[in-house]
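Enquirer: Residue-level listing of the chains:
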Amino acid sequence: MVKEAQGKPLKPHWFQILLALADRDLHGLQIMEEVSERTEGAMHLWPGMLYGSLKAMAEEGLVAETSMPASEQVAGGRPRYYGITKHGRKVLIDDVRRLSNYVSAARAKNLLRRSDA
Amino acid sequence: MKPPVSTRLYRQLLRLYPASFRERYGSEMERAFVASLDAQRAQRGRVGLLYAWIAVLWDTVRQAAEERRSGRLPTLSSTYWGSIAQDIKLAFRRIRKTPGFTIVAAMTVALGITVTTLIFTIVNACILRPLPHIVDPQELAFMHREFPSRGAVRVPISYPDFLEIRERTTTMVDVAAVIPEVDFLVRIGDDLDREIMGAEVSENYFRLLGRQLVLGGGLDPASAASRKDHVVIGHGLWQREFGGDHSVLGETMWIDGRRYTVVGVAPPSSSWGMVSGTIEAGVWIPIKQRRRNDDAQPALMLVGRRADGRTMDRVQAEVAAVGSRLASANPASWQDRSGEPARLVALTDIQARMPHGARTMPSVIMYVILVALTLSITCSNVANLLLNRALRRRGEIAVCLSLGCGRGRLVRQHLIESLLLFGLAGSLSLLFIHWQTQLLAGGRSFYPFAVDVTVDPAVVLFAAAITAISGFVFGLAPALQATRPDIMGALKGTGEAVRLRRFGVRNLFVLAQVAGSTVLVAISALMARDIQRADQRDLGFDAQNAGVLSLDLALRDYDGEGGGTFLRQLSERCEDIPGVEAIAIAGWTPLSGSAWSWGGIVPEGYQVERDESAWANWNPVTPDYFGLIDMPILRGRDFTELDDEDAPRVMVVNQAFANRYWPGENPIGKTVSLHQRAAPVEVVGLVRNAKYRKADFVNERTSPHFWLPWAQQPSLSVELLFKTRADPAPLFGAIREQVRTLDRDLPIKGLERIESVTAMALLEERIAAAGLAGFGLTMLFLAVLGIYAVTGYAVVERTRELGIRLALGARPGRVVKLVVLESVGHSAVGIVVGLCLAAIVARGVRALLLGIGPLDPASFLGSTLVLVLAAATAALLPAWRASRVDPAVSLRSE
Numbered sequence: 001m002v003k004e005a006q007g008k009p010l011k012p013h014w015f016q017i018l019l020a021l022a023d024r025d026l027h028g029l030q031i032m033e034e035v036s037e038r039t040e041g042a043m044h045l046w047p048g049m050l051y052g053s054l055k056a057m058a059e060e061g062l063v064a065e066t067s068m069p070a071s072e073q074v075a076g077g078r079p080r081y082y083g084i085t086k087h088g089r090k091v092l093i094d095d096v097r098r099l100s101n102y103v104s105a106a107r108a109k110n111l112l113r114r115s116d117a
Numbered sequence: 001m002k003p004p005v006s007t008r009l010y011r012q013l014l015r016l017y018p019a020s021f022r023e024r025y026g027s028e029m030e031r032a033f034v035a036s037l038d039a040q041r042a043q044r045g046r047v048g049l050l051y052a053w054i055a056v057l058w059d060t061v062r063q064a065a066e067e068r069r070s071g072r073l074p075t076l077s078s079t080y081w082g083s084i085a086q087d088i089k090l091a092f093r094r095i096r097k098t099p100g101f102t103i104v105a106a107m108t109v110a111l112g113i114t115v116t117t118l119i120f121t122i123v124n125a126c127i128l129r130p131l132p133h134i135v136d137p138q139e140l141a142f143m144h145r146e147f148p149s150r151g152a153v154r155v156p157i158s159y160p161d162f163l164e165i166r167e168r169t170t171t172m173v174d175v176a177a178v179i180p181e182v183d184f185l186v187r188i189g190d191d192l193d194r195e196i197m198g199a200e201v202s203e204n205y206f207r208l209l210g211r212q213l214v215l216g217g218g219l220d221p222a223s224a225a226s227r228k229d230h231v232v233i234g235h236g237l238w239q240r241e242f243g244g245d246h247s248v249l250g251e252t253m254w255i256d257g258r259r260y261t262v263v264g265v266a267p268p269s270s271s272w273g274m275v276s277g278t279i280e281a282g283v284w285i286p287i288k289q290r291r292r293n294d295d296a297q298p299a300l301m302l303v304g305r306r307a308d309g310r311t312m313d314r315v316q317a318e319v320a321a322v323g324s325r326l327a328s329a330n331p332a333s334w335q336d337r338s339g340e341p342a343r344l345v346a347l348t349d350i351q352a353r354m355p356h357g358a359r360t361m362p363s364v365i366m367y368v369i370l371v372a373l374t375l376s377i378t379c380s381n382v383a384n385l386l387l388n389r390a391l392r393r394r395g396e397i398a399v400c401l402s403l404g405c406g407r408g409r410l411v412r413q414h415l416i417e418s419l420l421l422f423g424l425a426g427s428l429s430l431l432f433i434h435w436q437t438q439l440l441a442g443g444r445s446f447y448p449f450a451v452d453v454t455v456d457p458a459v460v461l462f463a464a465a466i467t468a469i470s471g472f473v474f475g476l477a478p479a480l481q482a483t484r485p486d487i488m489g490a491l492k493g494t495g496e497a498v499r500l501r502r503f504g505v506r507n508l509f510v511l512a513q514v515a516g517s518t519v520l521v522a523i524s525a526l527m528a529r530d531i532q533r534a535d536q537r538d539l540g541f542d543a544q545n546a547g548v549l550s551l552d553l554a555l556r557d558y559d560g561e562g563g564g565t566f567l568r569q570l571s572e573r574c575e576d577i578p579g580v581e582a583i584a585i586a587g588w589t590p591l592s593g594s595a596w597s598w599g600g601i602v603p604e605g606y607q608v609e610r611d612e613s614a615w616a617n618w619n620p621v622t623p624d625y626f627g628l629i630d631m632p633i634l635r636g637r638d639f640t641e642l643d644d645e646d647a648p649r650v651m652v653v654n655q656a657f658a659n660r661y662w663p664g665e666n667p668i669g670k671t672v673s674l675h676q677r678a679a680p681v682e683v684v685g686l687v688r689n690a691k692y693r694k695a696d697f698v699n700e701r702t703s704p705h706f707w708l709p710w711a712q713q714p715s716l717s718v719e720l721l722f723k724t725r726a727d728p729a730p731l732f733g734a735i736r737e738q739v740r741t742l743d744r745d746l747p748i749k750g751l752e753r754i755e756s757v758t759a760m761a762l763l764e765e766r767i768a769a770a771g772l773a774g775f776g777l778t779m780l781f782l783a784v785l786g787i788y789a790v791t792g793y794a795v796v797e798r799t800r801e802l803g804i805r806l807a808l809g810a811r812p813g814r815v816v817k818l819v820v821l822e823s824v825g826h827s828a829v830g831i832v833v834g835l836c837l838a839a840i841v842a843r844g845v846r847a848l849l850l851g852i853g854p855l856d857p858a859s860f861l862g863s864t865l866v867l868v869l870a871a872a873t874a875a876l877l878p879a880w881r882a883s884r885v886d887p888a889v890s891l892r893s894e
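In order, the protein sequences belong to chains A and B.
Here the numbering used here is used: the first residue of the first sequence is 1, the next is one more, and so on.
Here the numbering used here is used: the first residue of the second sequence is 1, the next is one more, and so on.
No lab work stands behind these hints: they were computed from the structure.
Over the 10 Å line for every Cβ pair with chain A, so calculated as not near, a few chain B residues:
no.: 1; residue: L118
no.: 2; residue: V155
no.: 3; residue: L401
no.: 4; residue: W435
no.: 5; residue: T437
no.: 6; residue: S571
no.: 7; residue: P578
no.: 8; residue: V580
no.: 9; residue: R660
no.: 10; residue: R677
no.: 11; residue: P680
no.: 12; residue: T724
no.: 13; residue: G733
no.: 14; residue: F775
Here are a few chain B residues that face chain A, going by a calculated C-beta distance under 8 Å:
no.: 15; residue: A32
no.: 16; residue: A55
no.: 17; residue: Q63
Built from N, CA and C at the ideal position, the CB exists for glycine as well.
In isolation and in its complexed conformation, chain A is listed as follows (with noise of 0.2 Å):
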C-alpha cells in the first residue's frame, strides 16, 4: 500500500496533486487548473492522466474522495472532490523533505544564491 511512500521519490504529476490538495479540498478541474498556474503551464494535466492518477491514489490510500465544501457552488452536475489524507500528506512531507535535502546540498556547494531560493 505504502511503497511510493518509502524512499522511492513520488511521480510528478502526483507530487503536484497532492501538493495541490496540501490546504483544502478541490475538484479534478480544480487540481488541473491549481497544477497548470502553479507550474505555469510546464505540466498540464490532460483528464485521462488527471482523472487516472486520481483514481490509482485512492487505491493507494494517498488521497480520498471527500463531500463538497459548502461554500462552493458548481454549475452542472456535482463533481467529485478529493482531499488528501494522513498518509498522503506524511508521503507528500517525506518526498518535500527528500528534495529539500536536495536543495540544501546544491546550496553548500554554491550552486544556489540566497535570492535564487
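With chain A held as given, fit chain B onto it using these hints.
Expert: Chain B alone, transformed into the frame defined by chain A:
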C-alpha cells in the same frame, strides 16, 4: 443544446476506457477536456488547439490501455467475450494436458476431413474451376451424338459429318474437331519409340479455343498450308524431352512411323483437348488421312464457339435440327442395331465437364457415399471419445452446475474444446492434402495429369466449413449429454447406473463399424490369397530367358507380301545375333492382355446349337513357336516350313478345344471350318493347356484355343519372340538395331522380357487387393477406436461396481480379463454379422476371383482372428484403467 463537435468527438474517444471507469469519471473528464482545450486555445491560438488535440489523443490511448491492463481480470471475465477467451484458454490447457488423446482424436478426424476435402479438391479442379488457357470457355458448345435409349453415353461423330455440321451451322463462328485419347508411338531423335497419349485435331482447333501457345503457332491452315505433318507438343513433353529448349520449333519427331515437325508448344496442364480429360496430352497432330476417309468408325468430338448474341438454347436447337437432317440422310451410320436414330447434342462447358455416362455415374455415387461414410464414422468415433472424457469429468461438471454455473456455459466450454480439436484436425488435413497434391504433381511424368490439382482458396474454405460444421455437430451431442443436470446423483457418485446396454445406439454404431471392417478385411484377405495361389499356378508355358518385340507393320503401310519379306529378313538378322537361340513370330503373346478370338467356327461333327456361338482363341504362329515358348505337343505334329500358303490348311488345337468340341475323341485328322466359303482346316497337332488370358485362371477353366501357321494366316500386327541363352535384356539394343537397319522409321511398340509382360497380367487384381486391404486396415483402425471409446465409456459407468469387486478381493488381472472378454463378446456380434456379409459379398465378387473358392476357410478364419485380436487390443487400455480403480475411493463415494 447539442454539444460542440470537439466534445462529441471526445465522448467517442472515452469509449476506449473500460465501461466502469467511463461511468465513474466520464462527465468530469469531459469538462476537464473542454477546459484544457479552452486554456490551450487562449494561450497559443490554433497551434494550441492542435497541440491540445494531439496531447488529448495520446493521453486517452495511453491511459485507456493502462486502465484496461490494470483491470483486465475482473473486467474481461465479466464480459461475454472475456468468458469465451477463458473457455478457449481452458480448452487449450486440456488439449495440451492429454497429448495422446489429442493426437489420436485429431488424426482420426483429419482422416475424415482429408478424404472429403481431397475429393472436393479433385472436383474443384475438374469441374468448378474455369478451363485453363481457353478464352471465354462459357461461349463454347461441345457436341457429340447420343442414342436416347443408351442414356448420356457420348457417341463420336465421323469426319464427313463434321464437315457437314461445320458447313451448316450458323449460330456458331466455327466448329473444330478432336479425336481424344489417341495412343501414339512417338520417337524423338534416336530414342526408343514410346506410347504417348495425344489427340488428332482439326487445323482450326487451337485458334477456336483461343488457347495461347507457349511457343509457336497452332496448326493453323493459313500457316500450315496443305501440310499435314505438323505437331504441337505438350508442355510436359517439351520439358521432359527437350529440356524446355526454345529452339524446339522446327525439330522433327516420328509419330506412328511418320515424320512430323514441331510447330508449337501447348501451355502446361492442357488436357487432350476436350474438357474432361485428366491426362495431359503429349502431342496434337492434324487428323490423319485414314480417319478423314473413314465413315464407318466415327471418332470425332466437336467443339464450336457461339456467334455473338446467340444463346446456348439457339445453338442447341440448331444442332438438333442439323443432327436430324444428317440422320435421315445417312441412316446407316446414324442408327444403332435396333434402328433408333442418334441425336446430335450440344453442351455448355460446365455440362460437358459433369460426370456422365453409365461408367462414371456409379463411381461418382460410390465416392460420395464413401466420403460421407468415412467422415461420419471418424467424427462419431471422436464424438464418443469426447463423451467418454466428459463423463469422466462428471463430478467436476456437477459441482459447477450446483455452484450456479449455467448449463449453456458448460456446453459452450465443451463445444469450444471440440471445435479446437477439429480445427487442429482441419489444419492437419490441409497439410495432408498439400502433400497429396504434391505427390500427384510429382507423379506427372508417370501419369501426366492434365488437371491442375492444387490447394486454392476454395479448397481451404471447403475444409474450414467441413471442419466447423462437423466440429459443431459432433461436439454438441457429447456436450449436451455430459452436462445433463443430474446433479445430485453425480455429486453422490450414484449417477444413473447405466450398464452398457447390449444394443444401445452407440453400441450398434460401433458394431456396424466392426462388421464393415470385417467385410473389408475378409475380402482383401481372400483376394490376396487368391493372387498368391494364382502366382504359384503353372502357366503351361515357359517364358524364362525370352523376349518379345512388338511391331505394327500397318503404320508403315506394308502389305501382306512386303510384310512377309520384312519379317523373314528381320528373323534371319535376329537369329544371327550372338546369344539368340531361336526366333518365332506370333500375332500376340499369352497373358499380355490382348487375345484374339474367332467366332462362328464349325468343328467337324460338332452340333452347334442355334443360340450358341462356337468360338475359340486363336493365334497365327511360325513353326518354332511351340518349341520356343515350351508348350509341349501331346499328339500329332508341330507346324513346319512346308505348311505354307500353297499347302493344305492346317491347325493345332489345345486340350480344352479338343475336350469341348470332340470330348473323348482323338482330334488329330478332324477338320474345322473357319469361313463358310473356305475349305475346312485339318487339325494336325494337340498341345497341352496353358494360360493365355486372365480368364484362364478362373477355376482352371482354360479357353479353347487353336493356332494357324503364320504363312497361311499372316498378320501385320507382329510379336517377334526370341529365346536367349541368358537374360534377354542385354540383347534389346542389338534387336532394335536390326529393326532400324531394315526400316528406320518403323516404330517399335514394345521390346520386353516375356516374363515382364506376363507379370502384368494380374496387375489389376493386385491393385484392387492392395487398395481393398488399405481401406480395410483404415476401417479396422476406426473400428478399434470405436471399440476403445465404447469400452472406455462402459468402464467409467461401472467404476463403482469394479471398485467393489476389487475391494472384495478381485485381482486386477481378473478385472482386466473381465472387461476385455466382455468387450470382445460385444464385438463378436459385429464380427459374426461381418463374416456373413463377407460371405455374401465374396459370392458377388466371385467373378474377380481366379480360382479360390469364395468361402475360403483360411481367409475367413484368418480375418476373424485379426478382428478378435483388434477388439481385445482396443479394450485393453480401458480395462487396465478399470483395474486401477482405488477401491477405497469408489467405496467412499457410495
